[in-house]
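**Q** Chains B and S, in that order, are what the protein sequence lines are.
The number in our numbering is simply the position in the first sequence, starting from 1, with 2 added.
The number in our numbering is simply the position in the second sequence, starting from 1, with 2 added.
I should point out that these hints are in silico values taken from the structure, not numbers from a laboratory.
What you are looking at is a predicted structure, and each value in this text was computed from that prediction instead of being measured.
Possibly wrong hints are sitting among the right ones.
Note: identical chains are not told apart, hence a pair may lie in one copy or across any two.
Said to hold, decoys possible - Computed cross-link-like contacts, DSSO-like style, restricted to lysine-lysine with a CA-CA straight-line distance of at most 30 Å:
(1) K163 - K347
(2) K156 - K213
(3) K318 - K85
(4) K355 - K200
(5) K358 - K314
(6) K358 - K318
(7) K85 - K314
(8) K213 - K124
(9) K314 - K122
(10) K359 - K85
(11) K249 - K124
(12) K21 - K347
Number of protein chains: 2
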Amino acid sequence: MPQLKNDSTLDRIQAIRGKFPGFQVDGILFSGISNIRYLSGFTGSDGALVLGPEGARLLVDGRYTAQAIREVRQIPVVQYANKMQGIEQAVRDLHLKRIGFEASFVCVDMHQALTRRLRKSKLVPLGDELRMLRACKDDHEILVMKKAAAIASKAMAALAKEIRPGWTEQETALYLEMTARRSGGEQVSFETIVASGKNAALPHAKPTNRKIKTGDFVVVDFGIKYRGYCSDETCTFAIGELTADQKNAYRAVLRAHDEAIACIREGTAAADVDALVRGVLGDQYSRFFVHGTGHGVGLEVHEAPRLAPDSKDVLKAGMVVTVEPGLYYPGCWGIRIEDTVVVKKNSCEKITKMNKKPIVIK
Amino acid sequence: MPQLKNDSTLDRIQAIRGKFPGFQVDGILFSGISNIRYLSGFTGSDGALVLGPEGARLLVDGRYTAQAIREVRQIPVVQYANKMQGIEQAVRDLHLKRIGFEASFVCVDMHQALTRRLRKSKLVPLGDELRMLRACKDDHEILVMKKAAAIASKAMAALAKEIRPGWTEQETALYLEMTARRSGGEQVSFETIVASGKNAALPHAKPTNRKIKTGDFVVVDFGIKYRGYCSDETCTFAIGELTADQKNAYRAVLRAHDEAIACIREGTAAADVDALVRGVLGDQYSRFFVHGTGHGVGLEVHEAPRLAPDSKDVLKAGMVVTVEPGLYYPGCWGIRIEDTVVVKKNSCEKITKMNKKPIVIK
Numbered sequence: 003m004p005q006l007k008n009d010s011t012l013d014r015i016q017a018i019r020g021k022f023p024g025f026q027v028d029g030i031l032f033s034g035i036s037n038i039r040y041l042s043g044f045t046g047s048d049g050a051l052v053l054g055p056e057g058a059r060l061l062v063d064g065r066y067t068a069q070a071i072r073e074v075r076q077i078p079v080v081q082y083a084n085k086m087q088g089i090e091q092a093v094r095d096l097h098l099k100r101i102g103f104e105a106s107f108v109c110v111d112m113h114q115a116l117t118r119r120l121r122k123s124k125l126v127p128l129g130d131e132l133r134m135l136r137a138c139k140d141d142h143e144i145l146v147m148k149k150a151a152a153i154a155s156k157a158m159a160a161l162a163k164e165i166r167p168g169w170t171e172q173e174t175a176l177y178l179e180m181t182a183r184r185s186g187g188e189q190v191s192f193e194t195i196v197a198s199g200k201n202a203a204l205p206h207a208k209p210t211n212r213k214i215k216t217g218d219f220v221v222v223d224f225g226i227k228y229r230g231y232c233s234d235e236t237c238t239f240a241i242g243e244l245t246a247d248q249k250n251a252y253r254a255v256l257r258a259h260d261e262a263i264a265c266i267r268e269g270t271a272a273a274d275v276d277a278l279v280r281g282v283l284g285d286q287y288s289r290f291f292v293h294g295t296g297h298g299v300g301l302e303v304h305e306a307p308r309l310a311p312d313s314k315d316v317l318k319a320g321m322v323v324t325v326e327p328g329l330y331y332p333g334c335w336g337i338r339i340e341d342t343v344v345v346k347k348n349s350c351e352k353i354t355k356m357n358k359k360p361i362v363i364k
Numbered sequence: 003m004p005q006l007k008n009d010s011t012l013d014r015i016q017a018i019r020g021k022f023p024g025f026q027v028d029g030i031l032f033s034g035i036s037n038i039r040y041l042s043g044f045t046g047s048d049g050a051l052v053l054g055p056e057g058a059r060l061l062v063d064g065r066y067t068a069q070a071i072r073e074v075r076q077i078p079v080v081q082y083a084n085k086m087q088g089i090e091q092a093v094r095d096l097h098l099k100r101i102g103f104e105a106s107f108v109c110v111d112m113h114q115a116l117t118r119r120l121r122k123s124k125l126v127p128l129g130d131e132l133r134m135l136r137a138c139k140d141d142h143e144i145l146v147m148k149k150a151a152a153i154a155s156k157a158m159a160a161l162a163k164e165i166r167p168g169w170t171e172q173e174t175a176l177y178l179e180m181t182a183r184r185s186g187g188e189q190v191s192f193e194t195i196v197a198s199g200k201n202a203a204l205p206h207a208k209p210t211n212r213k214i215k216t217g218d219f220v221v222v223d224f225g226i227k228y229r230g231y232c233s234d235e236t237c238t239f240a241i242g243e244l245t246a247d248q249k250n251a252y253r254a255v256l257r258a259h260d261e262a263i264a265c266i267r268e269g270t271a272a273a274d275v276d277a278l279v280r281g282v283l284g285d286q287y288s289r290f291f292v293h294g295t296g297h298g299v300g301l302e303v304h305e306a307p308r309l310a311p312d313s314k315d316v317l318k319a320g321m322v323v324t325v326e327p328g329l330y331y332p333g334c335w336g337i338r339i340e341d342t343v344v345v346k347k348n349s350c351e352k353i354t355k356m357n358k359k360p361i362v363i364k
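Only chain B is shown next, with the shape it has when bound in the complex (with noise of 0.2 Å):
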């Protein structure tokens, strides 16, 4: 892995200022921590950055100070003692009139105590304008998504090696964890599923202290951070023999995943994959099917695009998505199937790195 520079954050600010006209704004105030990191490099869980057409401030309390100054070194560091009032001086400081916010991110005490403060200001709420402002990643992002992926992957590799019937899901998402932390992942992207049995028809089914046993499904959702930034695969292991029934649904499983990672590239409706995944499911299946086929990835687990019915998205060379189409038989098992790909101009790039051919523990 080469050392990685990231001196994108004034490229990313640049390319949003250019926006400010047909946002009808003269700066932005984010407020949303992964936008914040994702424009500034601060990597703290609290604060606000406000951009102006020049200027810009990024406002931390004094538990972040000292490593906003260390991590951010082109955006001058404010430290407040109020949110709303280190906000108000900031948009001040700038001479902003027209202020975009975004409107998924500023609650409702937030924007009228803001708009109590802000008189002579006008708060312009940017909700589509912003969705898909970290959708498309650069390369610097794919190489450490890459980087996400891989120590996933590998921990999910090393537990198909180890898993026995006898293992409880709590013991299988620690050796998952633990195998991942020690190759570098920061922290779990989302809690870890492992779901067996009968547990596996809830989709997002916590762990529990139930132990695997022969005949049952095993869906195992990992995903871990690296630099910040998440990973997301989902394997189905197979302790001992299938059923008929179980071997055929895995089957038309894994050949809608596999049909849609292969319909995947620029220009393909995020709608249109998921109605694949769905007619390859077919009516046998596709009403067992109780989520949307895939969302994006990036800093945020869950981010834009979305793979689902109701869609109105385009992918576009960059985004990074999953696929992950499954089955829930509700008091019996469940199956998923999980790939994260990057979408190119022709095609798409697989991620995760787990075959996706039936796991079969004996």
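Go by the hints and put chain S onto chain B.
**A** Only chain S this time, still in chain B's reference frame:
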């Protein structure tokens, strides 16, 4: 640990219904996931809860339907394809005219969407009215929080025996997390902080691959969840002998910590606890104490009340709060000492278990 039963969600719902007239609403839409869990018992990560004067609906998407039906028996579970549509339908089914909502969870875009859909109803922002909803814990919650704290303190005690110069911050964090998980901890309450040497001057540092060495203070801030409830405790380890400056500083922080805990009881103003800490630290130290004295803990690691200079909160019996004075010398070292306590009528009870005398590692 006795088997815990949780029939309290119905009592909680009745209590909040009793406040509808004062709030001037005939129903409330809850979308914050911790409030939803608190009021319904649903442990998923997405959904909405609509409470009417008598009826109620728990709304979830297809990922969570089976789980919600299993977890929530007292409220009808309704699956939605589109959350806003689901809310609209529930509001109609329950005949609600004035619907309160959590002003600190509903973002501007969701508010806009709700306003469009619920033309015949009035949306009423509830901010301060709901802030203290979960602040006073019942006996069941306190039992669970004691268990969470015990698991984390046990891991911290094990660490105190094992940690040696040469361990990296990341290894140290991993050791703690794995130890706590093996004792029944679910997941960390927040990203574990292990900050050694200069890094300890960053109150919210992320663990790095820096090796701990003689002469360091190592600030270890760690919490684990148990049944969804967070623990939160900080120890500062001294690696080898302390300098006179370090000893004096540690003594000052410990005294501030002890005196703050001694003054906590029902009726104490949260701002007074903070002022007392700053007073004990005095001119010499208090300007290096760059954050608030503490915060409530529960289903969220940071929740009401706040123990800070500008807090208007008054402590009540059953509140669970942290007391965490610290000193941060940028470029040099840092100290933080933190316990979590339950507020009682005439005192408070520490639920975190590490002795806070200097822990010197030789």
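**Q** Please go over all the hints and tell whether each is borne out by the structure.
**A** Checked hints:
1. K163 - K347: Close neither inside one copy (36 Å) nor across copies (56 Å); limit 30 Å.
2. K156 - K213: Answer is both: 24 Å inside a copy and 25 Å across each meet the 30 Å cutoff.
3. K318 - K85: between (36 Å within a copy, 27 Å between copies)
4. K355 - K200: Answer is within; shortest intra-copy Cα gap is 27 Å, inter-copy 38 Å.
5. K358 - K314: Only inside one copy: K358 and K314 sit 29 Å apart there, 56 Å across copies, limit 30 Å.
6. K358 - K318: Answer is within; shortest intra-copy Cα gap is 25 Å, inter-copy 55 Å.
7. K85 - K314: between (35 Å within a copy, 17 Å between copies)
8. K213 - K124: Neither way: K213 and K124 sit 58 Å apart in one copy and 50 Å across, limit 30 Å.
9. K314 - K122: Only across copies: K314 and K122 sit 29 Å apart there, 37 Å inside one copy, limit 30 Å.
10. K359 - K85: neither (51 Å within a copy, 35 Å between copies)
11. K249 - K124: neither (60 Å within a copy, 52 Å between copies)
12. K21 - K347: Answer is within: at 25 Å inside a copy they meet the 30 Å cutoff, but 57 Å across does not.
The structure shown violates the earlier hints numbered 1, 8, 10, 11.
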